[in-house]
Structures are given as structure tokens and as C-alpha cells.
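*Asks:* Each chain, written out:
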Amino acid sequence: MHEAAAVPSWVLVAYLISGICFILALRGLSNPETARRGNRAGIIGMGIALATTLIHHMPTRDEEFVLQWHEPVHWDNLMLIGGAIVIGGTIGLVTARRIAMTAMPQLVAAFHSLVGMAAVLVAGAAYLNPDAFGIAVAGVIDPVSRVEMSLGAAIGAVTFSGSVIAFLKLNGNMSGKPILLPLRHVVNLGTLAAIVGLIGYFTTDQSPWVFVTLTALAFLVGFLLIIPIGGADMPVVVSMLNSYSGWAAAAMGFTLQNSAMIITGALVGSSGAILSYIMCRAMNRSFISVIAGGFGGDSAIAGGGAASDRPWKRGSAEDAAFLMKQAEQVIIVPGYGMAVAQAQHAVRELADQLKKEGVTVKYAIHPVAGRMPGHMNVLLAEANVPYDEVFELEDINSEFARTDIAFVIGANDVTNPAAKTDKTSPIYGMPVLDVEKAKTVLFIKRSMGGVGYAGVDNDLFYRDNTMMLLGDAKKMTEEIVKSLG
Amino acid sequence: MDFVSILSIFVLACFVGYYVVWSVTPALHTPLMSVTNAISSVIIVGALIAAAAAGVPGAKWLGLVAVVLASVNIFGGFAVTARMLAMYKKKEKKG
Chain A
1 MHEAAAVPSW
11 VLVAYLISGI
21 CFILALRGLS
31 NPETARRGNR
41 AGIIGMGIAL
51 ATTLIHHMPT
61 RDEEFVLQWH
71 EPVHWDNLML
81 IGGAIVIGGT
91 IGLVTARRIA
101 MTAMPQLVAA
111 FHSLVGMAAV
121 LVAGAAYLNP
131 DAFGIAVAGV
141 IDPVSRVEMS
151 LGAAIGAVTF
161 SGSVIAFLKL
171 NGNMSGKPIL
181 LPLRHVVNLG
191 TLAAIVGLIG
201 YFTTDQSPWV
211 FVTLTALAFL
221 VGFLLIIPIG
231 GADMPVVVSM
241 LNSYSGWAAA
251 AMGFTLQNSA
261 MIITGALVGS
271 SGAILSYIMC
281 RAMNRSFISV
291 IAGGFGGDSA
301 IAGGGAASDR
311 PWKRGSAEDA
321 AFLMKQAEQV
331 IIVPGYGMAV
341 AQAQHAVREL
351 ADQLKKEGVT
361 VKYAIHPVAG
371 RMPGHMNVLL
381 AEANVPYDEV
391 FELEDINSEF
401 ARTDIAFVIG
411 ANDVTNPAAK
421 TDKTSPIYGM
431 PVLDVEKAKT
441 VLFIKRSMGG
451 VGYAGVDNDL
461 FYRDNTMMLL
471 GDAKKMTEEI
481 VKSLG
Chain B
486 MDFVSILSIF
496 VLACFVGYYV
506 VWSVTPALHT
516 PLMSVTNAIS
526 SVIIVGALIA
536 AAAAGVPGAK
546 WLGLVAVVLA
556 SVNIFGGFAV
566 TARMLAMYKK
576 KEKKG
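First to last, the protein sequences are chains A and B. Residues 1 to 485 (our numbering) are what the first sequence spells out, left to right. Residues 486 to 580 (our numbering) are what the second sequence spells out, left to right.
Quick caveat, the hints were computed from the structure, so don't treat them as lab data. Hints may contain errors.
Quick look at which bits of chain A chain B covers, simulated, 3 or more residues with Cβ under 8 Å [what the hints assert, rightly or not]:
#1 96-106
#2 233-243
#3 262-274
#4 430-437
Backbone N, C-alpha and C fix where the C-beta goes; we use that ideal spot for every residue, glycine too.
Given the sequences, and given the hints that come with them, work out the whole structure.
*Replies:* Structure follows, in C-alpha cells:
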């Protein structure tokens with residue numbers, strides 16, 4: 001037997017099982033049918049991890065005799081911990097129940113910030129009481145553990161401050177416009193270099209100032225990193241922060257030598273990284289250019305302007321209803337505008353009416369429609385739209401040519417044909433929905449003034465087969481329903 | 486466990502994560518984010534150890550605050566995921 005902190009094997013096995021439950025939780029998401037079971041596997045995994053930790057650490061810190069309850073249990077600590085879980089759990093459950101589906105991106109950003117902060121706090125606790133974590137001999141922390149805990153604290157801090165900024169932007173407390181500081185790349189890289197340097201120095205000197213300074217700098221980096229990123233790039237940012245929260249958990253898993261945390265960290269880290277990649281691909285932008293920020297600010301001046309006095313056709317709700325009734329197939333293309341106007345239920349009513357008239361209705365969703373991956377799918381599901389009527393870009397794009405009406409609801413950049421033809425356009429090369437190939441395009445937009453988040457005018461508005469329906473997405477859709485009835 | 490075994494678990498888990506996440510249907514990307522949120526709060530394990538350990542009051546309180554934050558995430562994350570997943574329905578078969 002090793003003399004220092006030999007963890008009993010049942011504990012190791014329990015954490016491994018909990019890690020496997022988390023893998024099953026993600027595996028379930030390959031299909032809506034199995035997803036609910038997956039979520040339950042996740043809950044079971046979390047329960048196992050919690051119970052194992054409590055049983056292993058609670059009554060006594062004597063690892064060799066785990067289930068020997070001879071030492072006095074610290075009831076005050078148990079009460080405090082129970083209280084902490086009840087407080088946190090209540091806040092979590094109430095929030096989860098009350099939150100509007102349109103506000104999911106903000107909620108996810110807020111949750112990321114909590115994971116980040118928790119990682120910082122755990123790293124701080126491990127620094128203050130390394131003996132409890134079995135990573136120190138006589139108060140001197142193992143150098144490898146120092147690197148791990150400082151990485152956990154630094155990544156956690158970046159996740160926290162970055163997610164807070166993302167939350168403020170998504171929640172509208174802060175403008176979605178990128179804020180560009182002078183010399184930001186130099187400042188960011190310099191701060192990052194300082195953090196790396198401090199982590200290196202920390203292995204030789206475990207004084208508090210090193211740990212505190214590197215954590216503080218990491219908070220600053222998270223803040224600096226996200227403020228220059230514009231609203232349209234939020235799907236990438238949210239995915240990226242998701243990834244960071246995973247790496248932070250993994251780093252702390254290394255410190256604690258806990259397989260459940262390491263497996264989870266790796267899963268979440270790769271999940272966020274893959275989502276960021278999918279989002280970048282869907283916008284035809286490199287990850288570096290998204291992180292460098294500034295999109296939607298500069299290009300608004302470069303790309304916009306000129307075109308806005310071209311002639312366009314305006315239609316009424318009655319016109320739209322008339323056209324839709326005649327159609328054989330209508331494809332609905334929802335975008336961020338639908339989320340803002342909370343129009344998903346009205347859209348569903350419209351689809352029901354059309355189906356009664358014998359019209360086939362389908363939905364087409366672009367990967368970056370909305371403010372986070374899969375945002376539109378959730379909103380449509382909330383409005384009881386069956387998921388087998390909802391299609392991804394590559395599955396439905398060829399169908400527009402055979403469709404009578406493409407009904408676009410506040411989805412601007414993702415329908416802009418300029419992405420396919422105009423090499424000077426900032427969104428050139430981005431895969432878009434071929435809505436202009438439909439016989440008629442009905443486009444709901446609040447006014448002709450605004451442009452999409454990429455700051456580009458949409459050529460689609462001025463096409464002969466496009467009819468603009470100006471107004472609030474929800475009101476306009478409800479009026480069309482009325483005219484149909 | 487020595488560093489190399491831990492590193493092996495980590496690297497293998499990254500590969501598992503890579504393949505599992507690619508098989509997630511795009512329609513469920515939002516629930517994917519909320520459930521990963523919930524499971525990454527397994528960091529509560531560290532928070533519990535810190536909160537349960539006797540000796541250093543500072544570490545205990547940091548641990549307790551971390552327990553609160555992670556619990557918000559665990560309960561909130563799983564609950565909101567369940568709520569979303571309950572909404573995904575197939576077309577009703579009306580013959």
C-alpha cells in the first residue's frame with residue numbers, strides 16, 4: 001500500500017461509472033427519442049458522483065477505513081453543505097421552470113459563468129487547504145498540482161468574465177455592437193503571456209500573490225476577449241465558453257485525480273469545440289477571425305449604404321394569405337426575428353391553418369439562425385411543431401426550387417443570395433438557404449431601414465419574386481392567420 | 486493514480502467526446518449545451534471536499550460558495566434540459 005492518500009478502489013470505480021453515465025447522456029442526444037433517457041443517465045451519474053464524494057469524505061478523512069464511522073461526523077459542516085445544495089438547487093429549479101425559451105442563450109451563458117466561478121473557487125480552496133485534497137506534503141504543494149490548479153483557476157476565470165459579458169450582450173443589458181479598444185490584440189496577447197509566465201513561476205514559488213495575480217489577469221482576459229465580439233457571432237462565443245467551462249473542470253479533475261471530472265471535462269470541452277467549429281463553418285469564418293472580433297461593426301459601413309433606394313414590393317397580410325392558400329408547399333424559414341417577437345406560436349397556428357387548406361408545410365433552419373446552436377429548433381418544439389417537419393440547411397436546400405412560397409421570418413443574413421455571388425460581400429462564401437429559388441418569397445421584417453447583424457444589405461428584398469411584409473413578426477403572422485380563416 | 490493514467494483517461498475521453506458529439510443531431514444542439522452545462526458542474530465534487538474538510542476556514546467557505554453555484558447549475562441544467570426535451574414531439578399519426 002502507498003502511504004499517502006490511497007483512494008479505495010470502490011471510489012475509483014464509482015467515479016468511472018458516473019463518467020460513463022455522462023457519456024451516455026450525450027450519446028442519447030443523437031435522437032430526440034433517446035434524449036430523455038440520456039438526460040436521466042446524466043442525473044444518475046451526477047447522483048453517483050455526489051454520493052461517492054460525500055460517503056468517501058464526510059465522516060472521516062481516513063481513506064484506509066472509509067466506511068468506518070468511528071470518528072465524530074462534522075454535523076455543522078453537513079448542515080452547511082446541505083443548506084448550500086438546497087439554496088443552489090432551489091435557485092436552479094425555479095430558474096429552469098420560469099425561463100422563457102427565447103431566453104435560452106442568456107441562461108446558458110449565465111450557467112457557463114457559474115461553472116467558471118465554481119472552478120475558480122475550488123482552485124482557490126485547493127490552494128488554501130491542499131492537505132484536504134491530498135496534493136501537498138507538509139504544506140508544500142506538488143508542482144504538477146500547482147500547474148493544474150492554476151490552469152483550472154485561469155480557465156475558470158476566463159469562462160466566468162467572458163460569460164458575464166456574453167450574458168449582458170445576449171440579454172440586451174449591453175449593446176450587441178462590438179466594442180473595439182485600441183491595441184486590443186497586443187493587450188490580449190500580452191496578458192495571456194503574463195498568465196503563462198506566472199503559471200511557470202508558480203511552480204517555483206507558491207506565494208499567494210502569484211496565484212491571485214494570475215487569476216485576476218485571467219478575469220481581465222475573459223472580459224477583453226468577449227467585448228469586441230458582435231451579436232451575430234454569439235453562437236460561436238457561447239459554444240466557445242461551453243468548451244472552456246469543460247477544460248476548467250478537466251483541469252480541476254487533474255488536481256483532484258478524479259476520473260468523473262476528467263471524463264466530463266473532456267466531453268464538455270470537445271462538445272463546445274465541435275459546436276464552435278460547426279458555427280464557424282456555417283458562417284464561413286475562421287475561428288481566429290471570430291475571436292479577433294469586430295465583425296458587424298466595421299463591415300456595416302463598408303457593406304451597407306448604396307443599395308437601399310432600389311425599388312421593392314410591399315405586401316399586406318391579405319396578399320400573403322391569398323398566395324399561401326394557392327400554394328402547394330410552403331417552407332417557413334425562422335430566424336432571430338421570430339425569437340425576438342416571440343412569434344413561434346403564431347407561426348405554428350399559421351402552419352395548422354395552411355395544413356387544413358391542404359398545403360404542405362416544412363421548416364428550414366440555418367445552423368446559425370438565432371443566438372445559439374439549435375435555438376430555432378427549441379422554439380419550434382416549444383410551439384408544438386413536430387420535429388420531423390423541421391429540416392437542416394443541407395437537407396432542404398434543394399427543395400426551394402420546387403416550392404411555391406418561402407416564408408422568411410426575420411432571418412436576414414442566412415437568406416442573402418449575395419453570399420453566393422458577390423465576392424465583395426463580407427458574408428461571401430457563407431452557406432445560405434436558397435429561398436430566392438422559390439416561386440415567391442414572403443419576407444417579414446420590421447422595417448426596410450435596418451440591416452442584418454453582418455451589416456449587409458440583402459439583395460433578396462429587391463427581387464421580383466419577393467414581397468416584403470413590414471411589421472412585427474408576431475402581429476404580421478397573426479394577421480395572416482386571420483385573413484386565412 | 487499517477488499522472489500518466491490520469492492523462493490517458495483524459496485523452497481517451499477527448500476522443501469519445503469527439504465521436505459522441507458529432508453524432509448529436511443539430512436539432513438538439515441547445516439541449517446539448519444545457520446538459521453539458523449541468524454535467525460540467527461535477528466540479529461540485531471538489532467543492533464538497535473543500536467544504537467538508539476541517540482546518541482551513543477560508544477554504545471551507547470558498548467550497549461552500551462553490552457548492553451553491555454548482556448546485557444552481559446541476560439542478561437548473563438538468564431541469565431545463567428535461568423541459569426542452571419534453572417539447573420535442575413527432576408528428577401525430579392521424580391515419
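*Asks:* A separate judgement is required for each hint: does it hold in the structure or not?
*Replies:* Going through the hints against the structure:
Coverage of a stretch by a chain is defined here by at least three residues with a beta carbon nearer than 8 Å to that chain's beta carbons; for the segment 96-106 of chain A and chain B the count is 5, and the condition holds. Evaluation of the coverage hint for the segment 233-243 of chain A: fulfilled, as 3 residues show C-beta separations to chain B shorter than 8 Å, against a requirement of three. Requiring three or more residues with a Cβ within less than 8 Å of a Cβ of chain B, the coverage given for the segment 262-274 of chain A holds, as 12 such residues are present. Remark: the segment 430-437 of chain A is not confirmed as covered by chain B, as 0 of its residues place a Cβ nearer than 8 Å to a Cβ of that chain, below the required three.
Going through the hint list in order, the structure does not satisfy hint 4, though it satisfies all others.
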